[in-house]
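Residue numbers (our numbering), protein chains in the order written: chain V, 1 to 437; chain X, 1001 to 1437.
Calculated directly from the structure, the hints in this document are not laboratory data.
Hints are not guaranteed to be accurate.
Computed list of lysine-lysine pairs in PhoX-like fashion (alpha-carbon distance at most 25 Å, straight line) [stated by the list, open to error]:
1) V:Lys-375 x X:Lys-1375
2) V:Lys-362 x V:Lys-375
3) X:Lys-1363 x X:Lys-1012
4) V:Lys-123 x X:Lys-1375
5) X:Lys-1434 x V:Lys-363
6) X:Lys-1363 x V:Lys-434
7) X:Lys-1126 x V:Lys-375
8) X:Lys-1016 x V:Lys-123
9) X:Lys-1380 x V:Lys-362
10) V:Lys-12 x X:Lys-1126
Computed from a prediction, not measured in an experiment: that's the story for all the values here.
2 protein chains.
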Amino acid sequence: MRLSQYFMPLLKEDPKEAQIMSHRAMLRAGMIKQEAAGIYSWLPMGLAVLRHIEHIIDEELQRAGCVPLLMPTLQPTDIWKESGRYDALGKEMLRFTDRAGRELLYSPTNEEMIVGIFSSSVKSYKQLPLNLYQIQWKFRDEVRPRFGVMRGREFLMKDAYSFDLTAEDAKREYAKMYDTYHRIFGRMGLVTIAVNADSGAIGGNLSHEFQVIAETGESALFYDATFDDIRSGKVTMSGEEMRGLYAAADEQHSADNCPVPPERLREARGIEVGHVFYLGNKYTQAMGVTVTGPDGAAVVPEMGCYGIGVSRLVGAIIEASHDDAGIIWPEAVAPFDAGIINLRVGDDACDIVAVQLYEGLKKAGLNPLYDDTDKRGGEKFATMDLIGLPWQVTVGPRGAADGKVELKYRRSGEKVELPTAEAVAKIIENYKAKVAA
Amino acid sequence: MRLSQYFMPLLKEDPKEAQIMSHRAMLRAGMIKQEAAGIYSWLPMGLAVLRHIEHIIDEELQRAGCVPLLMPTLQPTDIWKESGRYDALGKEMLRFTDRAGRELLYSPTNEEMIVGIFSSSVKSYKQLPLNLYQIQWKFRDEVRPRFGVMRGREFLMKDAYSFDLTAEDAKREYAKMYDTYHRIFGRMGLVTIAVNADSGAIGGNLSHEFQVIAETGESALFYDATFDDIRSGKVTMSGEEMRGLYAAADEQHSADNCPVPPERLREARGIEVGHVFYLGNKYTQAMGVTVTGPDGAAVVPEMGCYGIGVSRLVGAIIEASHDDAGIIWPEAVAPFDAGIINLRVGDDACDIVAVQLYEGLKKAGLNPLYDDTDKRGGEKFATMDLIGLPWQVTVGPRGAADGKVELKYRRSGEKVELPTAEAVAKIIENYKAKVAA
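Please construct the entire structure, taking both the sequences and the accompanying hints into account.
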């Protein structure tokens, strides 16, 4: 994409309403625009990140056997009366009537509707197991929407629902989703800590929250220091091994019963980006759902549900990965794979080299952003640091005459002068290792 | 995908509420499930088609220089008061108040919001032209929702909005979108007729509706018989040439002024799948938007808007492409590229050949559906015809012993017995020609 043909409306000043880095950076980089309290437009660069996150989730869930569908944003309220949850979410549930006087609500979550979909067609244990998921906009009428997309009212969520014949099967699926979540967040460059958590209005008696550690997090958590060793790359662990490590939300934690010695116990704040629940038969029982078991008897199926805050993740990734100059995107979610800065647009040598870079990266299937505007160099550098693409390639008149460019890796700040073709090769090689793998 | 692990809840009987083929077929094939009047869940196979349609639209619009963003489903009503359209849509606009008593609406269309996004950052003619689009769920509270997804209340729409400095530029963009629409619908296997149309509540004085000819269409239209020659493959024309052909909706048509001789004039019913509008400065003027022109003076930008009924297209394609046995998907939108029918699951030779087919197609990047269930052959054939995948490959014990399968092309019904590898090669070759091209 050529910047001159793109829509990336930067803000020059820090917006007053933004209290945390991710909210500031998303507004300043032109990723979002607020339309009402907690309701945002996703401008092109914000949408690009959102779509990368969706893509990773789709790939990993389908690899784990989940099947995608899409439920509507609006629902009739009857099914919530049937499940007994009509009042459980209180004023957070946005209700209204249509022109015919029928009561509708904007989906805050979809347990009731998915049980309806399931029960209208699944009649036999032979059709199990089944794990159905969607990535769809939801609405919760928060009293105090804040922190940009981190606590919005209209938000994008992945919600998966599993159906199994026995509690044992359901718990096996729960463990599989737990491991899948670590893979999903790992691909986004995040190390998450899964803490034992309270099930709240969703219900069930087994539940883990996936937390990204960040100072601005709303949850307090206690965990084994080994998680920090993983985060800093000192230790590598499988999901199953991580599940053995101690981690708890503050309301579940007690210093007296903690199995971790004080010197290995860490306390931090976290941003919840995912939540898995073993539901048992709470919903299937309430809604009268059964399937025929192997012996012909009716069995009430066991459920699990598994959420990921897709739009919140955009903010959480920024909270976990930035510096004073701006965002530092992990490769797999970056809106563009590299930024090309032409310091003298109109100069033949510079234009030729910049286009060589641009076309070379595109030909390899990468998605570069070419700053072909007539802005000053200082402004172009500041913009590239702000929007945080993994690589910056600078083309100036002196280097261009020798066919050389300056390559900067945003995360380390490391710079090196290279022939054009080598810069392209290095970016492609890194991309293949970190994104296409 | 193995059918045993998929979720494709077929109906055995024709649902009473479905009056037209597409609605019947989508319910019977388990593509959708109604949740409330005009509000549907998209089950896995319906969603797969929807995603293919979105993908084609994304590709062609971005090729034409349009930039994707995403606006929220809910909007504050203030901006509709500013534009003067607060009452224009009447009861079709679903309005309600949030917990704080602020009035919101579910977006039926987004001219007001996009003008706000544009005007908050575009200040100079240098930032033009700009064509921003989204694919997002909308809601219109139809009095009588009907025909399944063809006239739903919650529906998926592509809406693009162009901004230009002059009327001449805006009309050039209009022509480009007109041509792009023919390419988009063409890739979906549709021949559309663009008729001069009324602009309705959207406004402006130049507008074309893109109609797919089908008996069940809600619009009456008159057109040059040459369009039929194009539809039957006798004549090939560019978008520009097609624009020269006569076509009009009935309210625009008059027998006295019609330039087409009676023997070349055709009358038919059509399904509207797209609509392009040249808006002039209707919205920019009403909302006080200007940019600085080349001479430093303030200029009110010119707009166009361009809609495609994404969810409606799923129904329209079925109306245009089916037979008594079921759907006949055009290759580019088919939920799976081929169906593999194993007539004797558990028989070693059959299982081996079926898996060879399945893996061979997957390895080439195709997406096959493998019917590995223990259903009877007759039922499997009927299901494959109903769901309308382009190819059916049948593996039976006699052929499998010789390494042969039966290949059927759904559209023509033509069948041929082939060695497994040749069947795979033929499907891949057709796919490359019709989808990957």
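Here is how each hint holds up against the structure:
| no. | hint | in the structure |
| --- | --- | --- |
| 1 | V:Lys-375 x X:Lys-1375 | 67 Å, violated |
| 2 | V:Lys-362 x V:Lys-375 | 24 Å, holds |
| 3 | X:Lys-1363 x X:Lys-1012 | 34 Å, violated |
| 4 | V:Lys-123 x X:Lys-1375 | 16 Å, holds |
| 5 | X:Lys-1434 x V:Lys-363 | 23 Å, holds |
| 6 | X:Lys-1363 x V:Lys-434 | 23 Å, holds |
| 7 | X:Lys-1126 x V:Lys-375 | 12 Å, holds |
| 8 | X:Lys-1016 x V:Lys-123 | 22 Å, holds |
| 9 | X:Lys-1380 x V:Lys-362 | 44 Å, violated |
| 10 | V:Lys-12 x X:Lys-1126 | 19 Å, holds |
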